[in-house]
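Number of protein chains: 2
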Amino acid sequence: MKNTYFTPGPAELYPTVERHVKTALDEQVGSISHRSAQFRKIYQHADEQLRTLLSIPKTHAILFTGSATEVWERVLMNCVEHESFHLVNGAFSRKFYDFSVELGKFAQLYEKPVGEGFDYADVMEHGLPEYAELICLTANETATGAQMRPVDMHKLKRSHRSKLFCVDMVSSAPYPELDFELIDSAFFSVQKAFGLPAGLGVWIVNEKCLDKAERLRRAECTIGTYHSLPSLWKNYKNFETPETPNVWAIYLLGKVAEDFNRLGIETIRKETDAKAKLLYNFLEKDARFEPAVKNPTHRSATVVVANVKGSATDCVNRLKEAGMIIGSGYGNSKEKQIRIANFPAVSLQQVEKLIGLLKKT
Amino acid sequence: MKNTYFTPGPAELYPTVERHVKTALDEQVGSISHRSAQFRKIYQHADEQLRTLLSIPKTHAILFTGSATEVWERVLMNCVEHESFHLVNGAFSRKFYDFSVELGKFAQLYEKPVGEGFDYADVMEHGLPEYAELICLTANETATGAQMRPVDMHKLKRSHRSKLFCVDMVSSAPYPELDFELIDSAFFSVQKAFGLPAGLGVWIVNEKCLDKAERLRRAECTIGTYHSLPSLWKNYKNFETPETPNVWAIYLLGKVAEDFNRLGIETIRKETDAKAKLLYNFLEKDARFEPAVKNPTHRSATVVVANVKGSATDCVNRLKEAGMIIGSGYGNSKEKQIRIANFPAVSLQQVEKLIGLLKKT
Numbered sequence: 001m002k003n004t005y006f007t008p009g010p011a012e013l014y015p016t017v018e019r020h021v022k023t024a025l026d027e028q029v030g031s032i033s034h035r036s037a038q039f040r041k042i043y044q045h046a047d048e049q050l051r052t053l054l055s056i057p058k059t060h061a062i063l064f065t066g067s068a069t070e071v072w073e074r075v076l077m078n079c080v081e082h083e084s085f086h087l088v089n090g091a092f093s094r095k096f097y098d099f100s101v102e103l104g105k106f107a108q109l110y111e112k113p114v115g116e117g118f119d120y121a122d123v124m125e126h127g128l129p130e131y132a133e134l135i136c137l138t139a140n141e142t143a144t145g146a147q148m149r150p151v152d153m154h155k156l157k158r159s160h161r162s163k164l165f166c167v168d169m170v171s172s173a174p175y176p177e178l179d180f181e182l183i184d185s186a187f188f189s190v191q192k193a194f195g196l197p198a199g200l201g202v203w204i205v206n207e208k209c210l211d212k213a214e215r216l217r218r219a220e221c222t223i224g225t226y227h228s229l230p231s232l233w234k235n236y237k238n239f240e241t242p243e244t245p246n247v248w249a250i251y252l253l254g255k256v257a258e259d260f261n262r263l264g265i266e267t268i269r270k271e272t273d274a275k276a277k278l279l280y281n282f283l284e285k286d287a288r289f290e291p292a293v294k295n296p297t298h299r300s301a302t303v304v305v306a307n308v309k310g311s312a313t314d315c316v317n318r319l320k321e322a323g324m325i326i327g328s329g330y331g332n333s334k335e336k337q338i339r340i341a342n343f344p345a346v347s348l349q350q351v352e353k354l355i356g357l358l359k360k361t
Numbered sequence: 001m002k003n004t005y006f007t008p009g010p011a012e013l014y015p016t017v018e019r020h021v022k023t024a025l026d027e028q029v030g031s032i033s034h035r036s037a038q039f040r041k042i043y044q045h046a047d048e049q050l051r052t053l054l055s056i057p058k059t060h061a062i063l064f065t066g067s068a069t070e071v072w073e074r075v076l077m078n079c080v081e082h083e084s085f086h087l088v089n090g091a092f093s094r095k096f097y098d099f100s101v102e103l104g105k106f107a108q109l110y111e112k113p114v115g116e117g118f119d120y121a122d123v124m125e126h127g128l129p130e131y132a133e134l135i136c137l138t139a140n141e142t143a144t145g146a147q148m149r150p151v152d153m154h155k156l157k158r159s160h161r162s163k164l165f166c167v168d169m170v171s172s173a174p175y176p177e178l179d180f181e182l183i184d185s186a187f188f189s190v191q192k193a194f195g196l197p198a199g200l201g202v203w204i205v206n207e208k209c210l211d212k213a214e215r216l217r218r219a220e221c222t223i224g225t226y227h228s229l230p231s232l233w234k235n236y237k238n239f240e241t242p243e244t245p246n247v248w249a250i251y252l253l254g255k256v257a258e259d260f261n262r263l264g265i266e267t268i269r270k271e272t273d274a275k276a277k278l279l280y281n282f283l284e285k286d287a288r289f290e291p292a293v294k295n296p297t298h299r300s301a302t303v304v305v306a307n308v309k310g311s312a313t314d315c316v317n318r319l320k321e322a323g324m325i326i327g328s329g330y331g332n333s334k335e336k337q338i339r340i341a342n343f344p345a346v347s348l349q350q351v352e353k354l355i356g357l358l359k360k361t
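The listed protein sequences derive, respectively, from chains A and B.
Numbers 1 to 361, taken from the working numbering, label the letters of the first sequence in order.
Numbers 1 to 361, taken from the working numbering, label the letters of the second sequence in order.
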């Protein structure tokens, strides 16, 4: 019997993926040239479906990398000459900051304790550094289950229009309703809420970021080679990529985004909310658990993290015996927390079944 | 009916791939954590099978990137402080050189006309620049079908032991019999002779390269972040990767490398030679074709390129009608040349069938 994966990525495959993989085999998608019309059609299809799903305007390109981790590096190399600014409240937002330090940028941060989130008001009170060129936000901190709401990100950008804003949507896309008239760049990977095998990063990025990268190149900054923003963008204009990309993953992403559009993004968001509500209600009522994020406004809808009284590892293992795979707490929280991914691939019924098992553990 | 792909990558999938993909779906390989024992076993299996196949000693790590194109960038960033040297005889060896220029290194080259190859003697006559830190060789120039023989690469290294040697094996691995006691680094991508869907680069690299990268880091050179050599190597020690990698591709690579080992590398090399001989014999005899590489010593066994009298595009199209997909000439040679990949995924019978069709076109 197959397991059900509630892990925050790699995660349960979206139910249609198996069918799409078999079609890809039948259509020999693994053998076609990445310089053929057939490939350009695959890229264009993924582009169109993602645009519809996430309301991405024409000002933004949709580019492909090997991972979302790669985008951390590429966006910093291409959009920051001197200074970046990061909101940090967990291991992944911290890594985004660390990358900037490693690249020799002057990286600044506003850090909050694990389990806390950011609002417009408190970020404004802290203030944004005057010379920061790129503001790096994390829609969903996968390590802690804390979200930053789009409304707060949008207000922050409206107060700082001259700065570029970049949003890490790794473990939340397509859930957050970002306004791409305001957000200059965002990115995610496909093995989270899109329910695909890992190996592809999706980088949504606008012309202002491209202009910045071109300015940096003229100033003889190192912006990279094949995956510099100008190189990716130039190829994108023909729905191509600089290198031979993960063609299968682009094909599958287009198909799953199409499936999502058929359902409708509003339905996906409502179902995500309904499942999240069930999970948080349970965690609040059951004495052995509590939501790790105290402030309900900051609780992620897509990665639900709970403090566990007793051993979290025991809890994870007992569920595993029943074929339900949940995530353990991240890093030091391994023994104290569990993480439950609430992605579109898991149904309301599966969430109810999980809660039923958690009650009995 | 399915096509047979003789394209030099993406190429025909190896016949066992479909079965392995279905097993991957059944075993939920797309959902497992990249920090789990199950993933480490997958990585270790691929590592062991590749070591056996290519005779890779313990001094070398086997690392995974998004593409071989990525390795061009990473090896230059991590192993060159000031100066690299490149043997250039086509579009791909030229791109390796271009990357070094783009990264702000002092890149030197010895260039030969398209269709020519390099020997030990003529490279020695040209000479290697005294201060070049990394010597970049291309085992098989995919654009032109010219090979450099391992024996010449090995002699060159023996004459320049203090320099790091890196070999691009993109469209030839596992065919060339490299001696990794001499070759410091080599790399390939999986969509060529391994017959897998694209989306994974394989980087074989030794401790001398790691030492160099660590020295560069101490000298405050930018060596990158998650895919710097020290970061990849540190994760490799646990059979892990810094980011969520293309888990499926690593799984499939291990399985196909195991299939190759079951056949035996000697058998694969002999079959490759036998098929190449058939193709070159035909090209030499048929008045409408000729091998693009004049010197038989420099003719690639894995990517056979031919000059065509008349329109190469017509030739490609006529074969396409019969379900045989061959590559057109690269870049400016599109109208004048054809390229035929001779990878393990195509059998002697399929090559004979292709030749039969070429005779009739």
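Hint data in this document are derived by calculation from the structure and do not stem from the laboratory.
Note that the Cβ used here is the ideal one computed from N, Cα and C, for glycine as well.
Any given hint could turn out to be false.
As the list claims (entries may be wrong) - Listed below are the simulated DSSO-like cross-link pairs for lysine-lysine, each with C-alpha atoms no more than 30 Å apart in a straight line:
1. B/Lys234 <-> A/Lys334
2. A/Lys320 <-> B/Lys237
3. A/Lys336 <-> B/Lys320
4. B/Lys237 <-> A/Lys237
5. B/Lys22 <-> A/Lys95
6. A/Lys336 <-> B/Lys334
7. B/Lys334 <-> B/Lys320
8. A/Lys157 <-> A/Lys58
9. B/Lys237 <-> A/Lys105
10. A/Lys22 <-> B/Lys2
11. A/Lys237 <-> A/Lys277
12. B/Lys334 <-> A/Lys234
13. B/Lys2 <-> B/Lys334
Unchecked claim - Cβ-to-Cβ under 10 Å is the rule here; a few derived chain A residues that face chain B:
14. Thr16
15. Gln28
16. Ile62
17. Trp72
18. Glu81
19. Glu83
20. Ala91
21. Glu116
22. Ala132
23. Lys359
Right, here's what the structure says about each hint:
For the hint linking B/Lys234 to A/Lys334, the alpha-carbon distance of about 22 Å falls within 30 Å, and the restraint holds. Distance check on the hinted pair: A/Lys320 and B/Lys237 sit about 28 Å apart at the alpha-carbon level, within 30 Å; holds. Restraint check for A/Lys336 and B/Lys320: not satisfied, since their Cα atoms lie roughly 60 Å apart, outside the 30 Å limit. A hinted pair counts as satisfied when its Cα atoms are at most 30 Å apart, and B/Lys237 with A/Lys237 does not qualify at roughly 40 Å.
Our distance criterion of 30 Å between C-alpha atoms is broken by B/Lys22 and A/Lys95, whose separation comes to about 35 Å. Taking the CA atoms of A/Lys336 and B/Lys334, the gap is near 62 Å; set against the 30 Å cutoff, the hint is violated. A C-alpha spacing of about 16 Å is found between B/Lys334 and B/Lys320, which places the hinted pair at or below 30 Å, so the restraint holds. Simply put, A/Lys157 and A/Lys58 have alpha-carbon atoms about 19 Å apart, close enough for the 30 Å limit, and the pair holds.
Straight-line distance between C-alpha atoms of B/Lys237 and A/Lys105 comes to about 29 Å, which keeps the hinted pair within the 30 Å bound. Only pairs whose Cα atoms come within 30 Å are accepted, and A/Lys22 paired with B/Lys2 is accepted, the gap being roughly 14 Å. Distance hint between A/Lys237 and A/Lys277 is unfulfilled; the C-alpha atoms sit about 42 Å from each other, more than 30 Å. Restraint check for B/Lys334 and A/Lys234: the C-alpha separation of about 22 Å stays at or below 30 Å, so the hint holds.
Of the pairs offered as hints, the one joining B/Lys2 and B/Lys334 holds, with about 25 Å between alpha carbons and a cut-off of 30 Å not exceeded. Interface restraint check: A/Thr16 against chain B, minimum CB-CB distance 12 Å, threshold 10 Å, status violated. Taken as an interface hint, A/Gln28 checks out: its beta carbon lies about 6 Å from the nearest beta carbon of chain B, inside 10 Å. The closest approach between the C-beta of A/Ile62 and any C-beta of chain B is roughly 17 Å, which is over the 10 Å cut-off, so the hint fails.
The beta carbon of A/Trp72 comes within 7 Å of a beta carbon in chain B, closer than 10 Å, and the hint placing it at the interface holds. Because the beta carbon of A/Glu81 sits about 14 Å from the nearest beta carbon in chain B, more than 10 Å, this interface hint is broken. Because the closest C-beta pair between A/Glu83 and chain B is about 16 Å apart, greater than 10 Å, the hint is violated. Because the smallest distance between the Cβ of A/Ala91 and any Cβ of chain B comes to about 12 Å, over 10 Å, the interface hint for this residue is violated.
This hint is violated: A/Glu116 has a C-beta 25 Å from the nearest C-beta of chain B, more than the 10 Å allowed. Because the smallest distance between the Cβ of A/Ala132 and any Cβ of chain B comes to about 19 Å, over 10 Å, the interface hint for this residue is violated. Contact between A/Lys359 and chain B, as hinted, is not supported at the beta carbon level, the nearest pair being about 24 Å apart and thus beyond 10 Å.
Consistency with the previously given hints fails for numbers 3, 4, 5, 6, 11, 14, 16, 18, 19, 20, 21, 22, 23, ordered from lowest to highest.
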